[in-house]
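Here the protein sequences come in this chain order: A and B.
Residue 1 is where the first sequence starts when you use the numbering used here, and the numbers rise one by one after that.
Residue 1 is where the second sequence starts when you use the numbering used here, and the numbers rise one by one after that.
Each hint should be verified, as a subset may be incorrect.
[As the list claims (entries may be wrong)] The following label-pair restraints were derived from C-beta to C-beta distances:
#1 A:Lys-201 x B:Gly-234: 54 to 62 Å
#2 B:Gly-327 x A:Asp-203: 47 to 55 Å
#3 B:Asn-149 x A:Gly-306: 52 to 60 Å
#4 B:Leu-215 x A:Glu-190: 46 to 54 Å
#5 B:Gly-306 x A:Asp-287: 52 to 60 Å
#6 A:Pro-222 x B:Leu-302: 23 to 31 Å
#7 B:Gln-293 x A:Pro-115: 53 to 61 Å
[To be verified] From chain B, some residues computed to sit far from chain A (all C-beta separations above 12 Å):
#8 Gly-75
#9 Pro-98
#10 Asp-117
#11 Glu-319
[Claimed, not checked] Covered stretches of chain A (in silico footprint by chain B; criterion: 3 or more residues with CB under 8 Å from a CB of chain B, positions within the stretch not fixed):
#12 172-186
#13 192-206
#14 308-314
If you are wondering where the hints come from, they were derived from the structure by calculation, not from laboratory data.
C-beta atoms are modelled at their ideal positions from N, C-alpha and C, and glycine is treated no differently.
2 protein chains.
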Amino acid sequence: MPAETTDFRSNDRNRQIVLKRRPHGAPVPEDFEANDGRIDAPQEGQVLMRTIYLSLDPYMRGRMNDGPSYAAPWGLGEPCQGRIVGEVVESRDSRFRPGDLAFSMGRFQQYCTVPADGVRKLDPAAAPLSTALGTLGFPGLTAYVGLANIGQPKAGETVVVSAATGAVGAVACQLAQAAGARVVGIAGGERKCAWLRDTLKLDAVIDHKVEEPGLALDRSCPEGIDVYFENVGGAWQDAAFARMRTFGRMVMCGMISGYNDTQARPGPNLVQTIVRRLRIEGFVVGDHAHRMQEFLDRAIPLLKAGRLHYLEDVVDGLEAAPAALIGLLEGRNFGKQVVKVGSDPTAS
Amino acid sequence: MPAETTDFRSNDRNRQIVLKRRPHGAPVPEDFEANDGRIDAPQEGQVLMRTIYLSLDPYMRGRMNDGPSYAAPWGLGEPCQGRIVGEVVESRDSRFRPGDLAFSMGRFQQYCTVPADGVRKLDPAAAPLSTALGTLGFPGLTAYVGLANIGQPKAGETVVVSAATGAVGAVACQLAQAAGARVVGIAGGERKCAWLRDTLKLDAVIDHKVEEPGLALDRSCPEGIDVYFENVGGAWQDAAFARMRTFGRMVMCGMISGYNDTQARPGPNLVQTIVRRLRIEGFVVGDHAHRMQEFLDRAIPLLKAGRLHYLEDVVDGLEAAPAALIGLLEGRNFGKQVVKVGSDPTAS
Numbered sequence: 001m002p003a004e005t006t007d008f009r010s011n012d013r014n015r016q017i018v019l020k021r022r023p024h025g026a027p028v029p030e031d032f033e034a035n036d037g038r039i040d041a042p043q044e045g046q047v048l049m050r051t052i053y054l055s056l057d058p059y060m061r062g063r064m065n066d067g068p069s070y071a072a073p074w075g076l077g078e079p080c081q082g083r084i085v086g087e088v089v090e091s092r093d094s095r096f097r098p099g100d101l102a103f104s105m106g107r108f109q110q111y112c113t114v115p116a117d118g119v120r121k122l123d124p125a126a127a128p129l130s131t132a133l134g135t136l137g138f139p140g141l142t143a144y145v146g147l148a149n150i151g152q153p154k155a156g157e158t159v160v161v162s163a164a165t166g167a168v169g170a171v172a173c174q175l176a177q178a179a180g181a182r183v184v185g186i187a188g189g190e191r192k193c194a195w196l197r198d199t200l201k202l203d204a205v206i207d208h209k210v211e212e213p214g215l216a217l218d219r220s221c222p223e224g225i226d227v228y229f230e231n232v233g234g235a236w237q238d239a240a241f242a243r244m245r246t247f248g249r250m251v252m253c254g255m256i257s258g259y260n261d262t263q264a265r266p267g268p269n270l271v272q273t274i275v276r277r278l279r280i281e282g283f284v285v286g287d288h289a290h291r292m293q294e295f296l297d298r299a300i301p302l303l304k305a306g307r308l309h310y311l312e313d314v315v316d317g318l319e320a321a322p323a324a325l326i327g328l329l330e331g332r333n334f335g336k337q338v339v340k341v342g343s344d345p346t347a348s
Numbered sequence: 001m002p003a004e005t006t007d008f009r010s011n012d013r014n015r016q017i018v019l020k021r022r023p024h025g026a027p028v029p030e031d032f033e034a035n036d037g038r039i040d041a042p043q044e045g046q047v048l049m050r051t052i053y054l055s056l057d058p059y060m061r062g063r064m065n066d067g068p069s070y071a072a073p074w075g076l077g078e079p080c081q082g083r084i085v086g087e088v089v090e091s092r093d094s095r096f097r098p099g100d101l102a103f104s105m106g107r108f109q110q111y112c113t114v115p116a117d118g119v120r121k122l123d124p125a126a127a128p129l130s131t132a133l134g135t136l137g138f139p140g141l142t143a144y145v146g147l148a149n150i151g152q153p154k155a156g157e158t159v160v161v162s163a164a165t166g167a168v169g170a171v172a173c174q175l176a177q178a179a180g181a182r183v184v185g186i187a188g189g190e191r192k193c194a195w196l197r198d199t200l201k202l203d204a205v206i207d208h209k210v211e212e213p214g215l216a217l218d219r220s221c222p223e224g225i226d227v228y229f230e231n232v233g234g235a236w237q238d239a240a241f242a243r244m245r246t247f248g249r250m251v252m253c254g255m256i257s258g259y260n261d262t263q264a265r266p267g268p269n270l271v272q273t274i275v276r277r278l279r280i281e282g283f284v285v286g287d288h289a290h291r292m293q294e295f296l297d298r299a300i301p302l303l304k305a306g307r308l309h310y311l312e313d314v315v316d317g318l319e320a321a322p323a324a325l326i327g328l329l330e331g332r333n334f335g336k337q338v339v340k341v342g343s344d345p346t347a348s
């Protein structure tokens, strides 16, 4: 056995959350189950990590289904997959050693054995560890890629972001502000709206729980919308589409309001894409993972300068993950949804 | 009076077609009226043209309405606007002289007085004059721009073109073939399908009058669709959207099947733009008029080499224009719809 092997495996307990059955419509707690699994000893080229933070993300709803999508379905009876921040406890790869703090795709587990090639070391001095799952992680990269490739906001243009306090939306708002755009955020409830108004200082804020889509967008975007950064779908998408300006861009990032639907509702008649020369384009951040460093090179200085605010909604303990994921799909989270699975050695 | 003034104005008769009332739904002959108007003497910088060919195009349906669109509504009681090929009979611009054959935006009139800046001289040796309204005109440029900017077909990809025998569609098919794509054409009726099969030698042909959209596309595109060049809309659009491959592009050029609708039918749920990273983009050729020469530099050699086939549906006499335009909106034309308004000095 390698010298760095520790004895944590002696108790052989690896708490995990598995998908017990595939939800029909909205997932319920009974679709999940907490088990004790085993800890897999890392093989050559693998790293064993103790999970500190687990990321919960809207795309996970798609992985609960058994249909083809851009990410493979979660296996029934298997621990759910998700991105994690953790501490390396055993390494069979020369790039990592015990005590390293790192990011990886992992599972809803206390311990994850993962390929070292997918592990990225984190510098706790740069930013709190949990941000690697949100603002400085794939959600942040999602906002960056969506705006860089599709939205391309210009100074003075009007950018509307739905789910604007979400992990992706909040970064999209701030990157659009940095580009000089006029930014309008849509969020649900006064607490979220207050944050958009007071902390992000958006140009206009819409509370989708109390406002009517058409009226609210007419009020906040009197000249129409140049870029709609779509995280939600539904009636707000229809209303935004109807208000897109000529040469407008719809960044299709997510449509969380429909993820629990069992039947797809129709979308807008597309003739207006011609009349108004609109571009509607979807993307999946996984296709752009190679741009993470490019994104971080821009985002970390902004964050350190206090110009990239973030919200995190951290629930405690792995067994809180199913309820938190269900809540996320209903918009009950306030900021990036994270599960704290184990102790964070860098937290004060 | 300038020396080049001729005496044709002495009879002062300028047959014209005016829009009498705005159609609700499908236009009917009674929405139009034939009048005798006057011939306007050209002012400095203008050219007076005798109309030889008048172009009828699907976008004209939008101009019959009184709503905002990318082209201004036709005025009630005014001669309808349209692109023409004609002969210069009087010129107040040094670039043109009587006898020149030229293309311009004009009106449904025997004589059109137009700004010289919008007139483009035609070389009758390059191609038949009427092609300047179709394959070598804005419809051809439409196909070119849509594929160059949005469709971007690659060798081996599957490109589906709706209204494939239309003025735009036929060029789109052949440019996609030239790019090495596998091309599937959709058209209505055996005569059109035979032309696509026998003359264009497309890889697959669908008769939308007898085939069911989903089954027909499954049969002809077993691996899905990379580029859908949309001229039609409706159930075929839904079926094509559902079969778009990952990273597919929908070139939104026209949706003629809905132009007579009084209420917009819904479109596809857009979540699949995310799952399959689709790009749906509309365009209007008028924004790209500056690329006409670039297009012609490619198209004229192809045409001369017999590698750019075209179909024209020429009706005779200005007064045939309303019925031909009504028929065009119902897909009754067989190829580019042109009205022969006056004698063509180059025709054999």
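**Q.** Hints that the structure is at odds with (numbers, increasing)
**A.** Numbers 1, 3, 5, 6, 12, 13 and 14 - these are the hints that the structure violates, sorted from lowest upward.
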